[in-house]
Amino acid sequence: MEVSLRVKRFDPSVDVAPHYERYDVPSREGMTVLDALIYVKDRLDHGLAVRFSCRMASCGSCGMKVNGKPRLACETQLGDLGPGAATVEPMDNFPVVRDLVVDLESFFSRHTSLSPRLLRKRDEAEQESPSGEYLMFPAELESMVQFTYCIKCGLCSSSCPTASTDGSFPGPQALAQAYRYLADPRDEGGKERVEAVDTAHGVWRCHFAGTCSAVCPKGVDPALGIQLLKRHVMAATSPLSRKKGEKTGAEVFKNPNAGLVG
Amino acid sequence: MADKAAANRRGVAGWLDPLHFNIERWAYVFQRVTGLAVLAYVVGHIGDTSFFVGGPFGEGPSSSSWAADLGVTENVLGHLVLVMVVLVVVYHGINGARLILAEYGLIFAKPSRPEYPYRAKSLRTVQRHLIWVAIVVAILAALYSGGLMMG
Amino acid sequence: MRESSLMRLQYVTAVAAIVLVSLHLLMQGVLVPYGEAVSFQRVLSVYRSAVDAALLEVLLLVVLAHGFNGLRIILLEWRQEAAWTRGVNWGVLVVTLALMGYGTRTVILAATGQVT
Numbered sequence: 001m002e003v004s005l006r007v008k009r010f011d012p013s014v015d016v017a018p019h020y021e022r023y024d025v026p027s028r029e030g031m032t033v034l035d036a037l038i039y040v041k042d043r044l045d046h047g048l049a050v051r052f053s054c055r056m057a058s059c060g061s062c063g064m065k066v067n068g069k070p071r072l073a074c075e076t077q078l079g080d081l082g083p084g085a086a087t088v089e090p091m092d093n094f095p096v097v098r099d100l101v102v103d104l105e106s107f108f109s110r111h112t113s114l115s116p117r118l119l120r121k122r123d124e125a126e127q128e129s130p131s132g133e134y135l136m137f138p139a140e141l142e143s144m145v146q147f148t149y150c151i152k153c154g155l156c157s158s159s160c161p162t163a164s165t166d167g168s169f170p171g172p173q174a175l176a177q178a179y180r181y182l183a184d185p186r187d188e189g190g191k192e193r194v195e196a197v198d199t200a201h202g203v204w205r206c207h208f209a210g211t212c213s214a215v216c217p218k219g220v221d222p223a224l225g226i227q228l229l230k231r232h233v234m235a236a237t238s239p240l241s242r243k244k245g246e247k248t249g250a251e252v253f254k255n256p257n258a259g260l261v262g
Numbered sequence: 001m002a003d004k005a006a007a008n009r010r011g012v013a014g015w016l017d018p019l020h021f022n023i024e025r026w027a028y029v030f031q032r033v034t035g036l037a038v039l040a041y042v043v044g045h046i047g048d049t050s051f052f053v054g055g056p057f058g059e060g061p062s063s064s065s066w067a068a069d070l071g072v073t074e075n076v077l078g079h080l081v082l083v084m085v086v087l088v089v090v091y092h093g094i095n096g097a098r099l100i101l102a103e104y105g106l107i108f109a110k111p112s113r114p115e116y117p118y119r120a121k122s123l124r125t126v127q128r129h130l131i132w133v134a135i136v137v138a139i140l141a142a143l144y145s146g147g148l149m150m151g
Numbered sequence: 001m002r003e004s005s006l007m008r009l010q011y012v013t014a015v016a017a018i019v020l021v022s023l024h025l026l027m028q029g030v031l032v033p034y035g036e037a038v039s040f041q042r043v044l045s046v047y048r049s050a051v052d053a054a055l056l057e058v059l060l061l062v063v064l065a066h067g068f069n070g071l072r073i074i075l076l077e078w079r080q081e082a083a084w085t086r087g088v089n090w091g092v093l094v095v096t097l098a099l100m101g102y103g104t105r106t107v108i109l110a111a112t113g114q115v116t
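Chains as they are written, first to last, in this note's numbering: chain P, 1 to 262; chain E, 1 to 151; chain Z, 1 to 116.
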């Protein structure tokens, strides 16, 4: 049995424009798109550039578009794709390095720009030399643990409509991680985090198209994190609140799940 | 041309293309398009209602100026435009209400650990039903207003 | 001005618009039959009522603020150059105020002007 792949090839250093190449690959049950691409690279066209590592949806390396949908190639079964050739293209909205490999430099720099680490402000010495473990109640953990499962594959930020035109937008990954730290009761950087996302191209340029959550392979649900982030920013900047932006995520609402339906 | 292809940004097409994506993405596209359509209509409406007072150079309510204005808008095409306006306004308003509730974190499930097959919870709660409410009520309102105007 | 302040305006005008636009649509065809609603006498009596004219004025301000802030957001998402950003922010503000002025003129003239 054979399957056909239609792969978008493009080397910006020599090609004027991208083109599609067709590869016919012997298939077996359970074969993934990544299996097929590795076969192509191994036996048919050594020049195909593709990024991959763990083959088990853990490392986040093999994000790409398969039949127009952003997927991890390693967990996309060929058998699920329907008849006809499978079209394989690089992720949108990141510069193409070559073929299926994109430049994720801006993705990682937008992530680090929102301080994805615990900030301790009350006692500066604690930031570098913590005096002990910081504890969390199980309920506090449950209110933000899902956002910690991000594998930084970039599929969410690639499929976000705002990312199609706005390079200054941090993207769903960075914003969801901003919420992850804001909601973490051990974090004391609430004020800085709110200011960092409350900008002209910050959290407010999300319009809840929800595609980020639809394509996330780990169920992180960044859209939920971002809407909760907006809720927090509104509360922290409200003209009605007495102490603005000084609270940690868990303190703004006595119960971090207040108002959320079960 | 190679630079643009290398940059790989979808541009405005990325806003307008909801194929292969979730229904909330479709709702976003229509919210944006209907918003611009309503704005265009509102600007025109401010212009045409000013003919009640004689237009930009008028001085007060003028029945002749208003009659001339109605002469332009009161016909089958004008009524069809109004029916379309009702359709887009009602959709934009109800979907907008859904967005206000969502962006206040009010119509979601609580965060919880992801379970296989890792489908996002925010896309599965009542907010999704509100999209259908927006579409259905908009169509009903448009049909109703069409009926009212055309007798 | 923080973006959250502008978004607060966007949300407040959105809620106000839902109420006022619904009222406007109901007044223009459901509570009052459409044909009668656009007649000269009926429109005149609406403008001459202080409450109704005030509601129309607030509707005007709310819808223009919400709509043009939305347009501003769309335009700034499209391009981010400094000159474009400055141009859009000022241009949208000027156009919004100009249309608010023109619409308010209609309301005032209709409410107080000589009928011809």
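Derived from the structure by calculation, the hints contain no laboratory data. On a predicted model such as this, the values are computed, not experimentally measured, just so you know. Incorrect hints may have been included.
Said to hold, decoys possible - With a straight-line cut-off of 30 Å between C-alpha atoms, the simulated DSBU-like cross-links for lysine-lysine are:
#, chain 1, residue 1, chain 2, residue 2
1, P, K69, P, K218
2, P, K121, E, K110
3, E, K110, P, K191
4, P, K218, P, K8
5, E, K4, P, K121
6, P, K8, E, K4
7, P, K191, E, K4
8, P, K218, E, K121
9, E, K121, P, K69
10, P, K152, E, K121
11, E, K4, P, K69
12, E, K110, P, K69
13, P, K218, E, K110
14, P, K41, E, K4
What are the numbers of the hints the structure violates, in ascending order? Going through the list in order, the structure violates hints 5 and 7 and respects the others.
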